[in-house]
Amino acid sequence: MNASLAREQSAAAAPIRSGAAADRAFQLITATAAWLVLLLLGAAALSMAWGGRLAFKTFGWRFVTSSDWDAVGGHFGALVPIYGTLVTSAIALIIAVPVSIGIALFLTDIAPRWTRAPIAMAIELLAAIPSIIYGMWGLFIFAPFMAAHVEPWLGAHLGNVAIVGPLFSGPPIGIGMLTAGIVLGIMVIPFIASVAREVFNAVPAPLRESAVALGATRWEILSRVTLPYTRSAIIGAVFLGLGRALGETMAVTFVLGNAHDLSVSLLMPSNSIAAAIANEFTEADTDLYRSSLIALAFLLFVVTLIVLSIAKLLLLRMNRQLGRTH
Amino acid sequence: MAIPVRRRAADIAAFVFASAATAFGLLWLFWILWTTLRQGAAALTPELFTQMTPPPGTAGGLLNAFYGSAIMVLLALVVGAPLGVAAGTYLAEHGRHSRLATVVSFLNDVLLSAPSIVIGLFVYELLVVTAGHFSGYAGALALAMILLPIVVRTTEESLRLVPDQMREAGFALGLPRWRVTSQIIYKAALSAILTGILLGIARIAGETAPLLFTALNNQFWSANLNGPLANLPVVIFQYAMSPYDEWHTLAWAGAFVLTTFVLMLNLLVRFLARKGTHR
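So the sequence lines, in the order shown, correspond to chains A and B.
End of the first sequence sits at 326 in the working numbering; the numbers just go up one at a time, nothing left out.
End of the second sequence sits at 1279 in the working numbering; the numbers just go up one at a time, nothing left out.
Worth flagging that the hints you see were computed from the coordinates, not collected in a lab.
We put the CB at the ideal spot given by N, CA and C, even for glycine.
You may find that some hints are simply not true.
Where chain B lies over chain A, by a calculated footprint (3+ residues, C-beta under 8 angstroms) [said to hold, decoys possible]:
{"hint": "1", "stretch": "42 to 51"}
{"hint": "2", "stretch": "57 to 68"}
{"hint": "3", "stretch": "129 to 135"}
{"hint": "4", "stretch": "224 to 232"}
{"hint": "5", "stretch": "235 to 246"}
{"hint": "6", "stretch": "271 to 280"}
{"hint": "7", "stretch": "297 to 303"}
Label-pair ranges, simulated between beta-carbon atoms [as the list claims (entries may be wrong)]:
{"hint": "8", "chain 1": "B", "residue 1": "1275", "chain 2": "A", "residue 2": "19", "range": "54 to 60 angstroms"}
{"hint": "9", "chain 1": "B", "residue 1": "1260", "chain 2": "A", "residue 2": "161", "range": "29 to 35 angstroms"}
{"hint": "10", "chain 1": "B", "residue 1": "1227", "chain 2": "A", "residue 2": "306", "range": "34 to 40 angstroms"}
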């Protein structure tokens, strides 16, 4: 880094006449910085794989299939955090996807024109609030609210229903997978909604106008013109939200309960990959313990990178489609 | 032009649903902000900015945490912003359409949403393990790694918005490429690039996960960047998770200051951006 800074200074000090040399230097500096982005991503992935090798070697596949997480006995099976991560992210998407599409529809079609920019800005501010604030609010305000008002109702009305009953049975303690999933859902809404709004706005006017001319209602325009046309971008936005939800740490750490028991009920405390790392890493006192947590980070990193890459590919496809039709 | 009842019902349902969804989204924003404002305003005291983080059961402030956070954000800025601007310049100007630029542009977006706790662990392996102790430098590096992709993305986008005529005009004057970029393109895109950097500051100021294993925390005043450094997000985390009421109050006060700072910065950025488009 010092070397590149030095190069930058010498490049700036070079006389105008040595344009070619300065040009090469400038090219080199910017290309080095670009390489650095690539390097950091690769180094982070490699370092997680290297740090987790002891856990992978010791436990093999049992690392992801066993739910036995015993720091004292030195057994580490990560099924509970993996399960908790997937379940909370699923709840988040179930909430966030329809709500985000509704918001996008409201902001492109329904809201009075002058209210659109301020409402869109307010929704985007949801993404600006630091996740630790979500966590504190979740722990002190939202979890007690869930415990007092929502979870008893769920237990009473859904707890005895066949099939879904077990999901909603158990003591209403407020801290658990359902609460964490809802908080995650709120956190990913702005990401999905802003992409959806953007692509809804980018649907070519002639398409919508033809539908209107045929007498289509607002709902029919959304379901038969807008959504099919923007499908790949919407799916991309969903994957973007999923990537965010999988890796979110602080908010989940506050409201998930850090429990290493596998339970079907969504009202029970659980764990997630990111929360387990945040809670336990500084307390991990053996090499195997630390390595197991880093191995978890490796799994999380690889999965989110794949999910986010899919999101990016789908969004690029939408851009190309829009580029062609315009 | 009577629309059949069923179609009209579906239309009204869509209308109601979209309005309800928007109200649902806004509800959380106001609930969270209201909570932070109410709890935080009640906890605000002058001592917050003059005293150190206290042990449980005694009064105190968050001065050391404010200081540590400010120093680390500043250091992250000094490291991350120039690198981000340089890389963004490569993507939009000097390496435009090159294979490296395409790949980096793609992966940068992936890095933008990558879990920040993994970045924290990476810096732990890189700096904390090798140095043998937690440090403010490690925390700043982790924040810089989070800042970098944000600055790369916004720089690339703002440079792409500069019309090609300006580049052509520069070349027509016989300027070498690096002077076209540094003296014409940067000037045209300056406010957009600065906006991106401000957004990046707003983002890293509240980041907690990457600091947990790098800067750790420090209950006492310390200006030593080569040792554990107090910082606002981790203090909020530890105090909120503790069983002590005094600590909860301090955590709310910290949350209030942090949220106000981040939201103000975001509103400022939006205001600047709007002014830019009106010009």
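Just to make sure I understand the rule, a stretch counts as covered if three or more of its residues have a C-beta closer than 8 angstroms to a C-beta of the chain. Does the stretch 129 to 135 of chain A meet that for chain B?
holds (count 7)
Is the listed coverage of the stretch 224 to 232 of chain A by chain B valid when you require three or more residues with a beta carbon under 8 angstroms from a beta carbon of that chain?
violated (count 0)
Taking a Cβ-Cβ distance under 8 angstroms as contact, does the stretch 42 to 51 of chain A have three or more residues in contact with chain B?
holds (count 6)
Checking C-beta pairs, does the stretch 271 to 280 of chain A have three or more residues closer than 8 angstroms to chain B?
holds (count 3)
How does the Cβ-Cβ distance of residue 1275 of chain B and residue 19 of chain A compare with 54 to 60 angstroms: does it lie in that range?
Violated: the Cβ-Cβ distance is about 36 angstroms, outside 54 to 60 angstroms.
Coverage of the stretch 235 to 246 of chain A by chain B (three or more Cβ within 8 angstroms)
With 4 residues in contact (Cβ-Cβ under 8 angstroms with chain B), the coverage given for the stretch 235 to 246 of chain A holds.
Is the coverage entry for the stretch 297 to 303 of chain A by chain B consistent with the three-residue Cβ rule at 8 angstroms?
As far as the stretch 297 to 303 of chain A goes, the hint holds, because 3 residues have Cβ atoms under 8 angstroms from chain B.
Evaluate the given range 34 to 40 angstroms for the C-beta pair formed by residue 1227 of chain B and residue 306 of chain A.
holds, 38 angstroms
So is the stretch 57 to 68 of chain A in contact with chain B by the C-beta rule, three or more residues under 8 angstroms, or is the coverage claim wrong?
As far as the stretch 57 to 68 of chain A goes, the hint is violated, because 0 residues have Cβ atoms under 8 angstroms from chain B.
Could one say that the CB atoms of residue 1260 of chain B and residue 161 of chain A fall in the range 29 to 35 angstroms?
violated, 45 angstroms
Against the hints set out earlier in the document, violations occur for numbers 2, 4, 8 and 9.
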